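A.B. asks: One line per chain: the protein sequences are W and B, in this order. Per my numbering, the very first residue in the first sequence carries number 24; after that it's consecutive. Per my numbering, the very first residue in the second sequence carries number 24; after that it's consecutive.
Hints are not guaranteed to be accurate.
Said to hold, decoys possible - Which chain W residues face chain B? A few, computed with CB under 8 Å, are given here: (1) G426; (2) V466; (3) V593; (4) V594; (5) V707.
To be verified - Capping the alpha-carbon separation at 27 Å, the derived lysine-lysine pairs in DSSO-like fashion look like this: (6) W/K142 - W/K683; (7) W/K77 - W/K612; (8) B/K683 - W/K699; (9) W/K352 - W/K508; (10) B/K591 - W/K699; (11) W/K683 - B/K699; (12) B/K255 - B/K352; (13) B/K77 - B/K612; (14) B/K610 - B/K60; (15) B/K612 - W/K693; (16) B/K142 - B/K344; (17) B/K60 - B/K352; (18) B/K255 - B/K612; (19) B/K213 - B/K610; (20) B/K508 - B/K699; (21) W/K699 - B/K693; (22) W/K699 - B/K699; (23) W/K699 - B/K612; (24) W/K142 - W/K60; (25) B/K508 - B/K591; (26) W/K255 - B/K693; (27) W/K591 - W/K77; (28) W/K591 - B/K699; (29) W/K352 - W/K699; (30) W/K60 - W/K601; (31) B/K53 - B/K508; (32) W/K693 - B/K628; (33) W/K508 - W/K344; (34) W/K255 - W/K54; (35) B/K699 - W/K255; (36) W/K255 - W/K552; (37) W/K601 - W/K683; (38) W/K60 - W/K77.
Simulated from the structure, these hints should not be mistaken for lab results. Just so we're clear, the structure is a prediction, and the values are computed from it rather than from any experiment. Just so it is clear, CB atoms sit at the ideal spot from N, CA and C, and this is done for glycine as well.
2 protein chains.
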Amino acid sequence: MTGSNFLWLAPVGSIMALTFAWYLAASILKKDEGNEKMREIAQAVRVGARAYLKRQYAGVSLFFLVVFFILLLLALNKYLVIFVPFAFLTGGFFSGLSGFIGMSIATQSSARTTNAAMKSLNSGLRVAFSSGAVMGLVVVGLGLLDLSIWYFFLNAYYGSYSVPAWLPQWLYPYLRWAFEAHPLPIGTDKITAITSTMLCFGMGASFQALFARVGGGIFTKAADVGADLVGKVEAGIPEDDPRNPAVIADNVGDNVGDVAGMGADLYESYVGSIVATSVLGVAAGLGVAGVTVPMVMAAVGVVSSIIGTFFVHSREEATQKVLLAALRKGMFVSSLLVAIISYFLVKYTLGAQHLGVYWSVLSGLVAGVLIGLSTEYYTSSHFSPTRSIADASLTGPATVIIGGIAVGMMSTVIPVIVVGIAILLSYFLSGGATNFNSGIYGVGISAVGMLSILGITLATDAYGPVADNAGGNAQMANLDPEVRKRTDALDALGNTTAATGKGFAIGSAALTALALIAAYRDQVALYGKELNLSLMDPTILVGLFIGGMLPFVFCSMTMSAVGRAAGKIVVEVRRQFKEITGLMEGKAKPDYARCVTIATSAAQKEMIIPSLMAIIAPIAVGLLVGIKAVAGLLTGATVSGFVLAVMMANSGGAWDNAKKYIEEGHHGGKGSPAHKAVVVGDTVGDPFKDTSGPSLNILIKLMSMVSIVFASFVISYTLFK
Amino acid sequence: MTGSNFLWLAPVGSIMALTFAWYLAASILKKDEGNEKMREIAQAVRVGARAYLKRQYAGVSLFFLVVFFILLLLALNKYLVIFVPFAFLTGGFFSGLSGFIGMSIATQSSARTTNAAMKSLNSGLRVAFSSGAVMGLVVVGLGLLDLSIWYFFLNAYYGSYSVPAWLPQWLYPYLRWAFEAHPLPIGTDKITAITSTMLCFGMGASFQALFARVGGGIFTKAADVGADLVGKVEAGIPEDDPRNPAVIADNVGDNVGDVAGMGADLYESYVGSIVATSVLGVAAGLGVAGVTVPMVMAAVGVVSSIIGTFFVHSREEATQKVLLAALRKGMFVSSLLVAIISYFLVKYTLGAQHLGVYWSVLSGLVAGVLIGLSTEYYTSSHFSPTRSIADASLTGPATVIIGGIAVGMMSTVIPVIVVGIAILLSYFLSGGATNFNSGIYGVGISAVGMLSILGITLATDAYGPVADNAGGNAQMANLDPEVRKRTDALDALGNTTAATGKGFAIGSAALTALALIAAYRDQVALYGKELNLSLMDPTILVGLFIGGMLPFVFCSMTMSAVGRAAGKIVVEVRRQFKEITGLMEGKAKPDYARCVTIATSAAQKEMIIPSLMAIIAPIAVGLLVGIKAVAGLLTGATVSGFVLAVMMANSGGAWDNAKKYIEEGHHGGKGSPAHKAVVVGDTVGDPFKDTSGPSLNILIKLMSMVSIVFASFVISYTLFK
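When you get a sec, could you build the whole thing from the sequences and use the hints?
C.D. replies: Given below as structure tokens:
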């Protein structure tokens, strides 16, 4: 095997991604932000978004500090490898940084998109898409960077079990105690030591991601719902009207939830799938090559994504359909490139006898595309499911709700079957029939395959909120209605691509979760406990039940949180309408900042309990019901979380597009009773698709990560060993 | 062991139940049905309900015939014991009969309840409760009858493997071929042969139950939603107004869905839990005693339930709260009696060394009560969850929907944890730590314990629809508003007790499902396949995913079906309002029968596909993914079905009671915007709580039954052995 020869490609891929992202960002910033009004609005959103993130990071830092010290305590008591607490910090830091950079460029791009849309639809698309591409490339670039740094550091360290020679000498005394605290069983070989240490790193990224998704999700939907309830419904002013005090908060929300949250989320998915697969590769006896394949495949994905972005262009006055085709072309080109290059990667890294692993890559890639197409079918108003919801609006809001839930539930069939087939194919084609570890490594690789083109899928995904903000900007700046029409077209496209992105995230989460559960079992085995995970074991069954319930509880908490936070916005907006004289007449300016502050503090407060649940549940079940029950919990949560996440994302997307379909003039158009009915559906769908649903994949993986990191501690103190 | 000495108590219990039911029915029929108008309305409902059931049974008979011949074919090819096809028919017959008798007495009781309510609330309660008690006792009586007949027949047959001497001689030649077709492995001992044969019997009951629940559920909610959408919303006439053409269909629906459907459902739960537990008892090496305990405990439950009914009474002018206390007292007395008597039953049947099994009984009983209390907390307007939904109505229907879903999701916590604790306690206290089969027998026993007092829990449950119909009768007959107020009080009480009953059904289903999965594994082992059901096996994981998805798909199908069927009713009601002159002025009578016919044929058509899914899914997965995947499928379906069923039942109940709370005058009362918002919630909740949710427990068990019955066939033809 010649695996290690290629590993240097990982940092190279990282640098390429970051360099190209920097180039794209620079070219966006060169563009004109439009007239003064437009710049002013964009600035207000930027200030609000920065303020939110500042507050969020401050709160999260405190939390990270607490967990860091807990982990340090565990490490000093030999329950953990000493590097874990530090890697926890870097994972959290890079995940947060991904979100921050993505959001910074997004808030810089919205007014520029509006300005470009004054010229043509295509120009608008290009600015917004470039902004998305920056985010996509930053996520993969930082992910590969973090992984590369740690891999090369640990490789050097475990090579001699001493301070690597290239570290400055003065660090030595400080690090000495750390190295002496290393608790991996004597005799663990180098590559096992590296991967089982790196496995724990995902936890920091997962934490950051959960906070970002939940906090951002609560913020964005509270502001959105709050703005709509008072503005549209009570005061009767249009969406994005500058007289609405919550309008800036609404626009800020798109950035902190749909951009920063999503960035952190997918950073976590990306890094998580790579480290989990690496661990399985080593367990499968593939040695360094087992690590090389997922890491380098990610690098291959970077190059493919960059090339793919060049295919996203179209004629100046293209229709929405042509634009969608343009976005798709970019994705298909990238997929094809990954499919071709990874063949050679697998062949020359693992050798011809392991070529089955290549089929795992393909099955993951194809599964991702199929989930995307299925999502489009269920959420686009060009197809019957979403139209049936629009039709149901004729008999009122209740039938809209029933119809949307039914569509969401039915939409789970294809993703579940596709993921099922991907699991079986990647398992058996990678040799699972004769070697369990090889098979499960194949499953992990298929997740990496699905996520490899994240650079471009995230670009098509993250461009949506930019287009949404661009529309808000056009409305508030009183631009020509034609501009708003163009940004609306971009926005509608964004709804479909956003749903597709969520499908990718949850599909890969299902595949990664299996890898993580296997990794949990291996980690527990490393501490001397071989687990027989029989379905018929009552403790495992109880774990399955509890795990199956947790996503429901989590959704309940986050949806209620949105409701409470929105209530606070409602009160504030009502107060401003009443107390600020001349507001409704447009003579006085509302206090935008106050709404941002209220949404911020509500989101910060509300995200604590659901996030704590993710940490406490697996540890509590491990201590009270046993370490086997934890495996049951993780499996149960994956099963019900997967199905529930798909349902919520697609119900929400379908409601949103059913509303847009009616706003295009069907069934009486805007203002008709049918429209009122679909607005109810859309409002219900908001927390479904933007708060609760997309957090579930993080919840699942975070619980797996927590189980793995605390495994050795739980083994020592559990009531049922 | 002296187990067989007590087995004769099972048929005795059956006869007692049926006799007391007959006595109660006779005393109801002696009561006055009120004035001519009241009798006329009651008669219309009776005719409609009979017509529906006739049509339903005709359709279902055809289906049973087809399945019967398929089973016969399988039996003749030695894939099944020859008695299974016949027992399939008797199970279906008795399950249907339970529903039919329950419905007949319910439709006889509604006008009598109205008439009694003219005197006092307590008198009304007594009639309605007696009607419910008839149903409860018929269900347990017929269940025990069916089981006893087959047990004694098989006991005689397997004793000599020839025609029992007490069968008439002329039957001999006809049965000869049947007996020769017996395919149980040579050397299987008598009691194993009996129980593994009886295990397959539950399938008939499950089929009948699924059809009754789904068909009835679609009928009742289509009529309800259809009547409300045109009558209340468009025409602006009150609920249960005789001018509404769908009003009789609505009242018929309460009987065919909530009574006949529920009767068949709980018959299935009852019989299923007893046979599954018997099989496990034998597998645990307890011999005949393992069968005696669940059968006789059921008989003990009959006696306890009968005694309990005498405690359900109160002062003449009692408040609603006092009435609820009266109903509860009956349940507590019955529980206590079962708790006491079963101690001696276990001690003298299994012997003192197996006294741990008694704790399983207790854990099941207590778990049932706790689930009931939790349901009450989440669905009664006396507590904060339902009030929070009512409060959300102030910000419109969207927040009512979000609030209701959040409450339903949160309400899954207690049932899941309670069932989890019950599983662990009953498993380990029955000796699971040293003997797996003993432990899992304990889990089965806890399900039997929970269901043992079904006679009285079903009585409190089935009285609800009677009270509901009584209210309709009072309204249509233009009685004193005071009477309607009393029937409304009875009805509101019924909402809470109905939700409690559903909690029992799904809780026991979760416990029974485990027993059935174990039974599946044992059945497969009987055909020479020992299954290693590891969570890490990818085929099992795929099974878990598919299983986790199926309840969602099933709910989607049944909810969409309600929507489509309601649409047909809407069209018909609009037509009658338009075409029948003088209808709105009360001068002409609407064509009630036509609405009943439309709802009937829609329900019959719509119930086919969801029901087929329950049969085809486990067989298809078995053939295409393997017999292990079936175990995964059953487990996944149990996990997500349990959680989803609790959520849907409680969301629905909470919405309904939030509406009632506002109708009592809070937040502006009837006609206010808040009221309109909660009406939307209530309409969404209708299919949640009365169609989709309560069918899930049957779906889970039917899939288990199908897997068991077709196990030997699937083993022969699966692609992955």
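A.B. asks: Could you work out which of the previously given hints the structure breaks and list their numbers from low to high?
C.D. replies: As far as the earlier hints go, 4, 12, 15, 17, 19, 23, 25, 29, 32, 34, 36, 37 are violated by this structure, in ascending order.
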